[in-house]
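Protein chains: 2
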Amino acid sequence: MAAAPSPPGLEIATTVAEVRNRVQAVRRAGGKIGFVPTMGALHAGHASLMQAAAAECDFVIASIFVNPTQFGPQEDFTRYPRTLEADAALCQQAGAHLIFHPASPEIIYPAGFCTSVEVAGLSTMWEGKTRPGHFRGVATVVLKLFNIVAPDLAYFGQKDYQQQAIIRRMIADLELPVTLRVCPIVREPAGLALSSRNAYLTADEHQSALALSQSLELARQQVAGGERHAAVISRQMCELLAATPLVETDYATLADPDTLEEVAEVTSKVVALVAARVGNTRLIDNLLISPPTAT
Amino acid sequence: MAAAPSPPGLEIATTVAEVRNRVQAVRRAGGKIGFVPTMGALHAGHASLMQAAAAECDFVIASIFVNPTQFGPQEDFTRYPRTLEADAALCQQAGAHLIFHPASPEIIYPAGFCTSVEVAGLSTMWEGKTRPGHFRGVATVVLKLFNIVAPDLAYFGQKDYQQQAIIRRMIADLELPVTLRVCPIVREPAGLALSSRNAYLTADEHQSALALSQSLELARQQVAGGERHAAVISRQMCELLAATPLVETDYATLADPDTLEEVAEVTSKVVALVAARVGNTRLIDNLLISPPTAT
Numbered sequence: 001m002a003a004a005p006s007p008p009g010l011e012i013a014t015t016v017a018e019v020r021n022r023v024q025a026v027r028r029a030g031g032k033i034g035f036v037p038t039m040g041a042l043h044a045g046h047a048s049l050m051q052a053a054a055a056e057c058d059f060v061i062a063s064i065f066v067n068p069t070q071f072g073p074q075e076d077f078t079r080y081p082r083t084l085e086a087d088a089a090l091c092q093q094a095g096a097h098l099i100f101h102p103a104s105p106e107i108i109y110p111a112g113f114c115t116s117v118e119v120a121g122l123s124t125m126w127e128g129k130t131r132p133g134h135f136r137g138v139a140t141v142v143l144k145l146f147n148i149v150a151p152d153l154a155y156f157g158q159k160d161y162q163q164q165a166i167i168r169r170m171i172a173d174l175e176l177p178v179t180l181r182v183c184p185i186v187r188e189p190a191g192l193a194l195s196s197r198n199a200y201l202t203a204d205e206h207q208s209a210l211a212l213s214q215s216l217e218l219a220r221q222q223v224a225g226g227e228r229h230a231a232v233i234s235r236q237m238c239e240l241l242a243a244t245p246l247v248e249t250d251y252a253t254l255a256d257p258d259t260l261e262e263v264a265e266v267t268s269k270v271v272a273l274v275a276a277r278v279g280n281t282r283l284i285d286n287l288l289i290s291p292p293t294a295t
Numbered sequence: 001m002a003a004a005p006s007p008p009g010l011e012i013a014t015t016v017a018e019v020r021n022r023v024q025a026v027r028r029a030g031g032k033i034g035f036v037p038t039m040g041a042l043h044a045g046h047a048s049l050m051q052a053a054a055a056e057c058d059f060v061i062a063s064i065f066v067n068p069t070q071f072g073p074q075e076d077f078t079r080y081p082r083t084l085e086a087d088a089a090l091c092q093q094a095g096a097h098l099i100f101h102p103a104s105p106e107i108i109y110p111a112g113f114c115t116s117v118e119v120a121g122l123s124t125m126w127e128g129k130t131r132p133g134h135f136r137g138v139a140t141v142v143l144k145l146f147n148i149v150a151p152d153l154a155y156f157g158q159k160d161y162q163q164q165a166i167i168r169r170m171i172a173d174l175e176l177p178v179t180l181r182v183c184p185i186v187r188e189p190a191g192l193a194l195s196s197r198n199a200y201l202t203a204d205e206h207q208s209a210l211a212l213s214q215s216l217e218l219a220r221q222q223v224a225g226g227e228r229h230a231a232v233i234s235r236q237m238c239e240l241l242a243a244t245p246l247v248e249t250d251y252a253t254l255a256d257p258d259t260l261e262e263v264a265e266v267t268s269k270v271v272a273l274v275a276a277r278v279g280n281t282r283l284i285d286n287l288l289i290s291p292p293t294a295t
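Respectively, the protein sequence lines represent chains A and B.
First residue of the first sequence: 1, per my numbering; consecutive thereafter.
First residue of the second sequence: 1, per my numbering; consecutive thereafter.
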């Protein structure tokens with residue numbers, strides 16, 4: 001395997017031992033370690049996570065691993081974009097110090113691997129319904145990466161809202177010695193949330209995909225205007241999405257920010273969640289919304 | 001709740017924060033931490049684990065927690081022996097420095113707890129067949145305790161052979177930063193493996209329970225005598241058990257020491273596994289056996 005490209009000042013580790021050695025050296029020197037787990041195909045959203053990490057940590061590690069166990073058999077594992085050279089450049093510019101890029105999936109899943117972590121309930125709703133096993137794959141690989149990297153802080157994007165809720169729950173339940181930071185969604189000027197999967201969109205699909213963030217903005221306006229019935233709001237979100245060509249809605253709803261259970265009334269902070277297929281690409285987006293009177 | 005008894009030189013912590021503070025102080029001083037997770041009702045087998053820990057670590061932590069999630073609905077959770085005062089004395093004599101005794105199950109399983117760890121395959125064979133969910137409960141609580149205690153080394157008894165195989169696998173799969181030590185089974189002079197559940201046995205049952213270790217010794221003699229057919233050996237083990245009053249055999253078999261898959265021929269080291277109900281008490285025992293020519 002060819003050596004990975006490594007911009008000046010950025011190390012690339014491909015084995016667990018390399019990461020551990022580096023981490024131990026940083027820790028012995030009293031340094032604080034920040035961690036940004038990714039699947040590569042990095043964009044400004046990932047960069048914002050690394051910048052946040054660089055602002056409060058001494059050493060920033062980004063992992064780049066397209067994790068097979070979080071893809072379903074019909075999903076896009078093989079065609080998921082792999083752009084290591086560009087990713088390394090972005091990591092360096094964003095202030096990362098080391099990329100953990102496992103040389104092969106067997107580094108993470110050696111022969112005989114059979115352990116998995118499940119966050120019940122949270123893992124089977126919303127995205128979990130459409131993607132059975134997805135969050136088991138996510139939770140397991142994140143736990144393993146936490147054990148390898150041993151970060152003080154870990155940075156996740158709010159974009160994958162359910163994912164961060166599951167990781168938060170796992171950290172609390174298992175008393176993992178890591179602090180979770182969730183960073184705001186980075187959007188294109190027109191509102192589309194950045195996603196590695198946006199690369200799959202045609203120009204027309206890209207235009208249609210704006211309906212997701214528009215539906216969230218509609219929900220925000222409804223709540224700001226005094227509407228408290230979640231069903232009324234989610235119906236309007238669905239109508240907006242249904243009126244958009246190329247968009248097939250999976251769900252558009254208002255949920256409790258922690259349990260992700262659907263709410264009936266907007267009496268405190270909620271998260272508006274939306275998922276839709278645009279052409280052949282499944283996209284998700286979300287927005288935290290507080291009613292004006294709620295604290 | 002009354003303060004727990006604490007023999008001189010032994011600390012008792014009832015919260016996660018207390019344990020963490022103590023561990024951090026030890027670690028800052030460069031000390032090595034050994035950990036012995038238990039459910040209490042301690043005996044000389046547990047003491048041997050703490051002695052082993054004390055021999056190679058600077059600070060030895062034993063946890064005493066009767067873990068509800070590893071008991072089935074029909075099992076002995078409520079009547080499992082709870083003997084904290086005697087346990088504390090034993091811990092002190094065996095060289096432990098701190099007992100982690102969660103003040104309530106909610107310390108380990110607070111409201112909303114929903115994360116679990118599963119070691120597939122290994123968890124559903126042998127004991128897992130009779131005790132569905134048992135090893136999920138074990139793996140989850142051990143992982144959580146590891147995260148709280150952050151030990152350098154953890155000590156398990158060979159007595160619960162399948163348990164240590166599962167913990168070994170979990171440590172490897174998740175890259176947990178802990179080294180597993182497995183200590184020999186401690187037996188009564190007549191051969192019965194020490195177990196907290198031996199306390200349930202009547203005098204007659206105690207006598208009958210010797211059949212378990214006798215069946216293992218029979219297997220060892222068979223292998224030493226040249227027998228290589230596992231089916232022949234396990235049949236003789238079963239016959240010995242069946243000929244013993246009050247004993248109802250669950251399984252008696254020869255298995256691969258790592259995968260626990262049943263073997264057909266004894267060509268290398270095997271583990272003889274036996275489980276039986278003696279009266280109302282389910283007992284297990286095991287013996288590692290190498291054929292004379294195997295390395």
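I should point out that these hints are in silico values taken from the structure, not numbers from a laboratory.
A couple of the hints might just be wrong.
[To be verified] In the SDA-like style, the derived pairs of lysine to any residue whose C-alpha atoms are separated by at most 25 Å in a straight line are:
#	chain 1	residue 1	chain 2	residue 2
1	A	Lys32	B	Asp152
2	B	Lys32	A	Gln24
3	B	Lys32	A	Val178
4	B	Lys129	A	Gln24
5	A	Lys159	A	Glu18
6	B	Lys269	A	Phe71
7	B	Lys32	A	Glu18
8	A	Lys32	B	Pro177
9	A	Lys32	B	Arg27
10	A	Lys32	A	Lys129
11	B	Lys129	A	Ala120
12	A	Lys129	A	Thr78
13	B	Lys32	B	Leu180
14	B	Lys129	B	Arg197
15	A	Lys269	A	Leu180
16	A	Lys32	B	Lys32
17	B	Lys269	B	Asp152
18	A	Lys129	B	Gly112
19	B	Lys159	A	Cys114
Here is how each hint holds up against the structure:
1. At most 25 Å may separate the alpha-carbon atoms for a hinted pair to count; A:Lys32 and B:Asp152 meet this at roughly 21 Å.
2. Pair hint B:Lys32 plus A:Gln24 holds up; C-alpha atoms about 16 Å apart against a cutoff of 25 Å.
3. With a C-alpha separation of about 21 Å, the suggested pair B:Lys32 and A:Val178 falls inside the 25 Å cut-off, and the hint holds.
4. For a cut-off of 25 Å, the pair hint linking B:Lys129 to A:Gln24 is broken: about 42 Å separates their Cα positions.
5. Taking the CA atoms of A:Lys159 and A:Glu18, the gap is about 31 Å. The hint is violated against a cut of 25 Å.
6. Under the criterion of a C-alpha separation no larger than 25 Å, the hint pairing B:Lys269 with A:Phe71 is inconsistent with the structure, at around 39 Å.
7. Taking the CA atoms of B:Lys32 and A:Glu18, the gap is near 23 Å; set against the 25 Å cutoff, the hint holds.
8. Between A:Lys32 and B:Pro177 the alpha-carbon distance is near 18 Å, which keeps this suggested pair within the 25 Å criterion.
9. Proximity of A:Lys32 to B:Arg27 is assessed by CA-CA distance (about 17 Å); at most 25 Å being required, the pair is judged to hold.
10. The hinted pair formed by A:Lys32 and A:Lys129 fails the criterion: a straight-line CA distance of about 38 Å is larger than 25 Å.
11. Annotation: proposed proximity of B:Lys129 to A:Ala120 holds, straight-line Cα distance about 22 Å (limit 25 Å).
12. At roughly 22 Å between alpha-carbon atoms, A:Lys129 and A:Thr78 fall within 25 Å of each other, so this suggested pair holds.
13. Between B:Lys32 and B:Leu180 the alpha-carbon distance is near 14 Å, which keeps this suggested pair within the 25 Å criterion.
14. Annotation: proposed proximity of B:Lys129 to B:Arg197 holds, straight-line Cα distance about 20 Å (limit 25 Å).
15. Restraint check: the Cα-Cα separation between A:Lys269 and A:Leu180 comes to about 20 Å, which is no more than 25 Å; the hinted pair holds.
16. Among the hinted pairs, A:Lys32 with B:Lys32 is consistent with the structure: their alpha-carbon atoms are about 22 Å apart, no more than 25 Å.
17. With a CA separation close to 28 Å, the supplied pair B:Lys269 and B:Asp152 exceeds the 25 Å bound.
18. With a CA separation close to 21 Å, the supplied pair A:Lys129 and B:Gly112 stays within the 25 Å bound.
19. As the CA atoms of B:Lys159 and A:Cys114 are separated by approximately 23 Å, the hinted pair is consistent with the 25 Å bound.
The structure fails hints 4, 5, 6, 10, 17 (numbered hints given earlier, in ascending order).
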